[in-house]
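Undergrad: Residue strings, one per chain:
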Amino acid sequence: MNKKVIYVKNLVKKFGSFVANDNLSFEVSAGEIFGFLGANGAGKTTTLRILSGLSKPTSGEVNVAGFDAYRQTEQIKKNIGYMCQKFSLYEDLTVKENIVLYGGIYGMSKSLIRERLIDLLAKIHFQEYENRMISDLPLGLRQKLAFSVAVLHEPKIVFLDEPTGGVDPITRRQFWETIYETASRGITVFVTTHYMDEAEYCDRISIMNNGKIVALDTPEKLKKQYNATTIEEVFIKIARP
Amino acid sequence: MIKAIESSGIAKSFGPTKALDDITFSVNESEIFGFIGPDGAGKTTLFRIITTLLLPDKGNMKVLGMDATSDYKELRKNIGYMPGRFSLYQDLSVEENLNFYATVFGTTVKENYDLISDIYSHIEPFRKRLAGKLSGGMKQKLALSCALIHKPRLLVLDEPTTGVDAVSRSEFWDMLSKLHQHNITIIVSTPYMDEAIRCDRVALIQNGKILSVDTPQNIRAGFSRKLFTVKSVEKYKLIKTLRKNPEVLTAYPFGDSIHVTLINDASDNFLLGYLVSEGISDAVIQEAKAGIEDRFLELMEKGIKA
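Residue numbers (this note's numbering), protein chains in the order written: chain F, 1 to 241; chain U, 1001 to 1306.
Bound-form chain F, shown alone (with noise of 0.2 Å):
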């Protein structure tokens, strides 16, 4: 039996009248990728702000890392790590630097960000950046770093927001393979992207349209009860019905 994580149950959030959350019920596991998608405006933002501590449920069940969505919202914040595309890392700042604010920010000790960074320095090779600026960077290394410094104080969950649009085929590849070593330390991994090819990564992802889920199961799964080659066909299908 793998330990859930994220626990939502018949979650509802109400702008004024706007339903942007209609009855979610989704679960995730320790360990899991799981993706996140839907068209623009089809609510996935606002379930994130929930699962993130950042806005509370109108109604129904929302536990996230053993906590509760209502009433422990700060605890919430800091079991979990993000990392976006646009924007992770201050560019004016060195990597040093970059991870001791972030260290700080997740209240982690002196001395455990000290060894945090040591063994993230030699992990991904980065001894030699360690005084850059982060916009000296190549835009590959500055991706990996983004992602070591989201996960920099193990969060029980890490969301990732397009994590590899726009990078080049072989930085791809080496950043799915840490979110697969990630995963399989036990830490859960949330993306949310457009981009459907990098669904097909995931080991469950759930399709979001109107405020509903309207597809939940693996990639494998989805394109077998679709008739598809590609999940994006199945977004397609659903979407536009």
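These aren't lab readings, by the way, just hints derived from the structure by calculation.
Be a bit skeptical, because a hint or two may be false.
Stated by the list, open to error - Listed next, the in silico DSSO-like pairs over lysine-lysine satisfying Cα-Cα at most 30 Å (straight line):
#1 Lys221(F) to Lys1018(U)
#2 Lys1018(U) to Lys212(F)
#3 Lys3(F) to Lys1240(U)
#4 Lys1231(U) to Lys144(F)
#5 Lys144(F) to Lys1018(U)
#6 Lys1240(U) to Lys123(F)
#7 Lys156(F) to Lys1237(U)
#8 Lys1139(U) to Lys237(F)
#9 Lys1209(U) to Lys144(F)
#10 Lys1237(U) to Lys144(F)
#11 Lys237(F) to Lys1018(U)
#12 Lys1237(U) to Lys3(F)
#13 Lys123(F) to Lys1231(U)
#14 Lys3(F) to Lys1231(U)
#15 Lys1133(U) to Lys237(F)
#16 Lys1128(U) to Lys14(F)
#17 Lys223(F) to Lys1128(U)
#18 Lys212(F) to Lys78(F)
#19 Lys223(F) to Lys1231(U)
As the list claims (entries may be wrong) - Example chain U residues on the side facing chain F (calculated, C-beta under 7 Å, incomplete):
#20 Glu1031
#21 Gly1040
#22 Ala1166
#23 Pro1191
#24 Tyr1236
Said to hold, decoys possible - Away from chain U, derived, C-beta distances all over 10 Å, residues of chain F:
#25 Asn40
#26 Glu128
#27 Asp168
#28 Glu181
#29 Ala215
Only a predicted model underlies this, so the values are computations on that prediction, with no experimental measurement involved.
Every residue gets a Cβ at the ideal spot worked out from N, C-alpha and C, and that includes glycine.
Given chain F, work out where chain U should sit, using these hints.
TA: What follows is chain U alone, placed relative to chain F:
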């Protein structure tokens, strides 16, 4: 046949950064030509040179038979350019933006309406709405309408589908295919390999260099080895196990499978037995056709080794 674009030996540096290095290619008239490459490959710099907005350090750029440096005034009248960032007037309405662009180019919306009607009809119900208040998909349709309103002979689209959802992306490519009938040459850039298939020909671009120019079919066919897909539930273990074997040349994650090439193409029989002996008993191995991204990877690796 007259070429819509002839680029020879184009180079451009920004300080120590070589953004473009000896870029040579040509685009035929009324072709959809794609530039496929990651962020930072040089796509936008190249497009800015083609659209006369930036001067090259070296080389020769001929667009629609005119020189991009000396004939820039005449050339600009014949080019429609949709930059990567939404750059219409956010505080003008849909209709006002369109009228503005028509007027700047000395024409009217009425005169060229047939060209944009397919695209503009989607947003016409919102013609009084401010451009800044449109959804991503609608902004994109308005930007395309504005780029087309003076009936350009060459349409230049810089990453038009970045940040747009799969449905709008697919619609967008359908619109481009339809524009074909109007004899407009289209060049379009994208970081997404799967979009190559919607182009007549593509150039793969990386670190300011063109790796290959051909039809998408020929680029895929250029993959030099037999390609196998290997699947197992434990992907991370599978990759590590595959890489340990000296017979395995490359093993890369590709969606729900690992793409594998072998030192000796004919020797895949051993693979299943090897994986089972390493404790991976659910592996499924199939021969597969290489995609654009497989070929891109292969070309990148050759570049690194060379």
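Undergrad: Run every hint past the structure and note whether it holds.
TA: Checked hints:
1. The hinted pair formed by Lys221(F) and Lys1018(U) fails the criterion: a straight-line CA distance of about 46 Å is larger than 30 Å.
2. Our distance criterion of 30 Å between C-alpha atoms is broken by Lys1018(U) and Lys212(F), whose separation comes to about 48 Å.
3. Under the criterion of a C-alpha separation no larger than 30 Å, the hint pairing Lys3(F) with Lys1240(U) is consistent with the structure, at around 26 Å.
4. Restraint check for Lys1231(U) and Lys144(F): the C-alpha separation of about 25 Å stays at or below 30 Å, so the hint holds.
5. Distance check on the hinted pair: Lys144(F) and Lys1018(U) sit about 24 Å apart at the alpha-carbon level, within 30 Å; holds.
6. Restraint check for Lys1240(U) and Lys123(F): satisfied, since their Cα atoms lie roughly 16 Å apart, inside the 30 Å limit.
7. Our distance criterion of 30 Å between C-alpha atoms is met by Lys156(F) and Lys1237(U), whose separation comes to about 21 Å.
8. At roughly 23 Å between alpha-carbon atoms, Lys1139(U) and Lys237(F) fall within 30 Å of each other, so this suggested pair holds.
9. For the proposed pair Lys1209(U) and Lys144(F), the alpha carbon gap of about 24 Å is at most 30 Å, so the pair holds.
10. A distance of roughly 20 Å separates the Cα atoms of Lys1237(U) and Lys144(F); the hinted pair therefore holds under the 30 Å criterion.
11. Pair hint Lys237(F) plus Lys1018(U) does not hold up; C-alpha atoms about 43 Å apart against a cutoff of 30 Å.
12. The straight-line distance between the Cα atoms of Lys1237(U) and Lys3(F) is roughly 21 Å, inside the 30 Å bound, and the hint therefore holds.
13. Taking the CA atoms of Lys123(F) and Lys1231(U), the gap is about 27 Å. The hint holds against a cut of 30 Å.
14. The hinted pair formed by Lys3(F) and Lys1231(U) meets the criterion: a straight-line CA distance of about 25 Å does not exceed 30 Å.
15. Distance check on the hinted pair: Lys1133(U) and Lys237(F) sit about 28 Å apart at the alpha-carbon level, within 30 Å; holds.
16. For the proposed pair Lys1128(U) and Lys14(F), the alpha carbon gap of about 28 Å is at most 30 Å, so the pair holds.
17. A threshold of 30 Å between alpha carbons decides the hint, and for Lys223(F) with Lys1128(U) the separation of about 41 Å lies outside it, so the pair is violated.
18. In summary, the hint linking Lys212(F) to Lys78(F) is supported, as the alpha carbons are separated by about 28 Å, within the 30 Å threshold.
19. For the proposed pair Lys223(F) and Lys1231(U), the alpha carbon gap of about 16 Å is at most 30 Å, so the pair holds.
20. For Glu1031(U), the interface hint is violated, the least distance from its beta-carbon to any beta-carbon of chain F being 24 Å, above 7 Å.
21. Checking Gly1040(U) against chain F by beta carbon gives a least distance of about 5 Å; that is within 7 Å, so the hint holds.
22. Proximity of Ala1166(U) to chain F holds as hinted, the smallest CB-CB distance being about 5 Å (cut-off 7 Å).
23. The interface hint given for Pro1191(U) is met, as the beta carbon of that residue sits about 4 Å from the closest beta carbon of chain F, less than 7 Å.
24. Checking Tyr1236(U) against chain F: minimum C-beta separation of about 4 Å stays under 7 Å; hint holds.
25. Consistency note on Asn40(F): stated as away from chain U, yet its beta-carbon is not over 10 Å from all of that chain's, at 5 Å minimum.
26. The beta carbon of Glu128(F) sits about 18 Å from the closest Cβ of chain U, which is more than 10 Å, so the claim that it is off the interface holds.
27. With a closest Cβ-Cβ approach of about 4 Å to chain U, Asp168(F) is found to fall inside the 10 Å limit, against its non-interface label.
28. Chain U draws Glu181(F) into its interface by the beta-carbon criterion, the shortest separation being 6 Å against a cut-off of 10 Å.
29. The beta carbon of Ala215(F) sits about 13 Å from the closest Cβ of chain U, which is more than 10 Å, so the claim that it is off the interface holds.
Violated hints for the displayed structure, listed by number in ascending order: 1, 2, 11, 17, 20, 25, 27 and 28.
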